[in-house]
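> Single-letter residue listing:
There are 2 protein chains.
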Amino acid sequence: MNKLINDPADVVAEALLGIEAAHPDLRVDHQHKIVYRGDAPRRGKVGLISGGGSGHEPLHGGFVGPGMLDAACCGEVFTSPVPEQMLEATKAVDGGAGVLHIVKNYTGDVMNFEMAAELAAETGVEVLSVVTDDDVAVQDSTWTAGRRGVGATVLLEKIAGAAAEQERTLKEVADVAREVNANARSMGIALTSCTVPANGKPTFELGDSEMEVGVGIHGEPGRRRVPLAPAREIADLLLEPILADLPFSRGDRVITFVNGLGGTPLIELYLMYNEVAKILSAHGIETARSLVGPYITSLDMAGCSVTLLRASDELLQLWDAPVRTPALRWGI
Amino acid sequence: MNKLINDPADVVAEALLGIEAAHPDLRVDHQHKIVYRGDAPRRGKVGLISGGGSGHEPLHGGFVGPGMLDAACCGEVFTSPVPEQMLEATKAVDGGAGVLHIVKNYTGDVMNFEMAAELAAETGVEVLSVVTDDDVAVQDSTWTAGRRGVGATVLLEKIAGAAAEQERTLKEVADVAREVNANARSMGIALTSCTVPANGKPTFELGDSEMEVGVGIHGEPGRRRVPLAPAREIADLLLEPILADLPFSRGDRVITFVNGLGGTPLIELYLMYNEVAKILSAHGIETARSLVGPYITSLDMAGCSVTLLRASDELLQLWDAPVRTPALRWGI
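Residue numbers (our numbering), protein chains in the order written: chain C, 1 to 332; chain B, 1001 to 1332.
Errors might be hidden in some of the hints.
What the hints assert, rightly or not - Here are the simulated SDA-like cross-link-like pairs (lysine to any residue), alpha carbons at most 25 Å apart as the crow flies:
#, chain 1, residue 1, chain 2, residue 2
1, C, K201, B, P1202
2, C, K278, B, H1032
3, B, K1201, C, S209
4, B, K1278, C, D10
5, B, K1201, C, V226
6, B, K1278, C, N6
7, C, K201, B, R1232
8, B, K1201, C, G331
9, C, K201, B, H1032
10, C, K201, B, E1118
Because the hints were derived from the structure by calculation, they are not lab data.
Looking at chain C on its own, in the form it has when it is part of the complex (with noise of 0.2 Å):
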């Protein structure tokens, strides 16, 4: 296992120690495992929560800070927080404007948040919910009842966030987060397999010159498992399928986010984006903005995801607006 780690078990933990030594302007609760933006609460604005099992970074942790979310609750790896996370990073965020939940379509991680939502409220919390289910590659799989929420939820996090800043209501947050998933379809391909260090050997086999082309976040399964094909190829099968379901039409104007799964580098990434930009330009959709980098990933696994967001001038302008987090910042 060609991993940096002291013991598999405190992998998390130590790297919450991490964060919060390389960013002073973040807060951590370490017993809850809990990454808070540093003045938290803000009177009058919502609260922006997001969470999931960890091995994902930088999402959630890297994206706490103005513009972006105000908490971030840790699982254990490839595992959901549980609801005493959410409940106290909802509690502890509110600054009386109410608090939104931002939940990746996972059966545990849908079931945990909307206990603390319940609890949340008995505590005079107003909470309201946005899942993301942007994964077109599978209906239901190993760990979902639906689709899977994967690369969409960087883009919504951040255009919600902007939202948020400018102190909307709480049901003006959710209502901008519902259109960025609607208007979002992902698909991902595996190279590797990941390896969870408290298993210490690869979630799935897959050999030399194979790929699993719509494999989810965790190492699901996805549609198909074929021979590796020259990067034009595969990003033909990323994008037909996403093209095809929401779908996207000439004239549109989108942001395309290609993600890197953790052990792919920059300059595949920067190539991928090439090929994917062609068939763009050929179908007659504008990219308005661009992501390229590992911003959702699969701890090691080599890979990457493509995510096209139709997005109207207004979300345009959220997605513009000043952030300052660990992994995405401009303006300030």
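Mind docking chain B on chain C? Use the hints.
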């Protein structure tokens, strides 16, 4: 070979197409494989150019933009660019205040940048050069007389870029750059080899429970190959020679940079950062700023490097100055 590529011969050219498509405020000369700041040359500002073999992304193309480089010359993977590229870039970014060449200490890079500087001087452009050689692992190596230039290059490009933005003179910018190199020390460790696309197989063999201590960013051998150790011991192995070399002393303030080599995910880099922070704290060394992530990589190599830069108030102010590049961005 688990890579998102087409023909191995086209990797660099196609990645440059992706960089151009993703970043409309940059300009790419595909013939010469140069990434330019879109508004170069800037009249009255010293032009900053760097470059080297590809495979280290985001270095250098991802550091082009306001507050950092004016141009980056891209060689083929792990191969120096040729003097013609550097000459072309030098002439193109000269705004009348001269041009600084930022060169990592590898034999080919140094020779080719020297030749380009001589040719540029003949055309009337004033050029100064600064060579980084911050790697404490080995004195000479496969491709180097003297020490290798590694992580300090990232910090130097940011800090010298800020000095140039203030319209300091060429000599002043070069002096700041040399101050950074003189006060920075680095060392790296590999948990896997990397695979050069044109070769199709790992550059060296490393067992699943081995690591190469003091590895170079092209897979050059380091100090020794030893059994894989826990992260806390790896941090000791890296920091002991770094701290002893400058030497760093109790009370020093540093920029602490934990860098990923390409195949190692962020969760492990934060865990390593925690180990590094504990050692620095025990030595009474204060981290004034930090940087955690893959910024100078070696294709898909798993592993990390640590760079410490002893930083004066002035260097910290220059570090904090606004920057807007694909890979480092804040304040703009």
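> So, for every hint listed, does it hold in this structure?
Results for each hint:
1. C/K201 <-> B/P1202: Between C/K201 and B/P1202 the Cα gap is close to 21 Å, so the pair holds against 25 Å.
2. C/K278 <-> B/H1032: Within the cut-off at roughly 22 Å; holds.
3. B/K1201 <-> C/S209: Measuring from Cα to Cα gives roughly 13 Å; hence the hint holds.
4. B/K1278 <-> C/D10: 16 Å, holds
5. B/K1201 <-> C/V226: Holds - the C-alpha atoms of C/V226 and B/K1201 are around 21 Å apart, at most 25 Å.
6. B/K1278 <-> C/N6: 14 Å, holds
7. C/K201 <-> B/R1232: 22 Å, holds
8. B/K1201 <-> C/G331: 42 Å, violated
9. C/K201 <-> B/H1032: 44 Å, violated
10. C/K201 <-> B/E1118: 54 Å, violated
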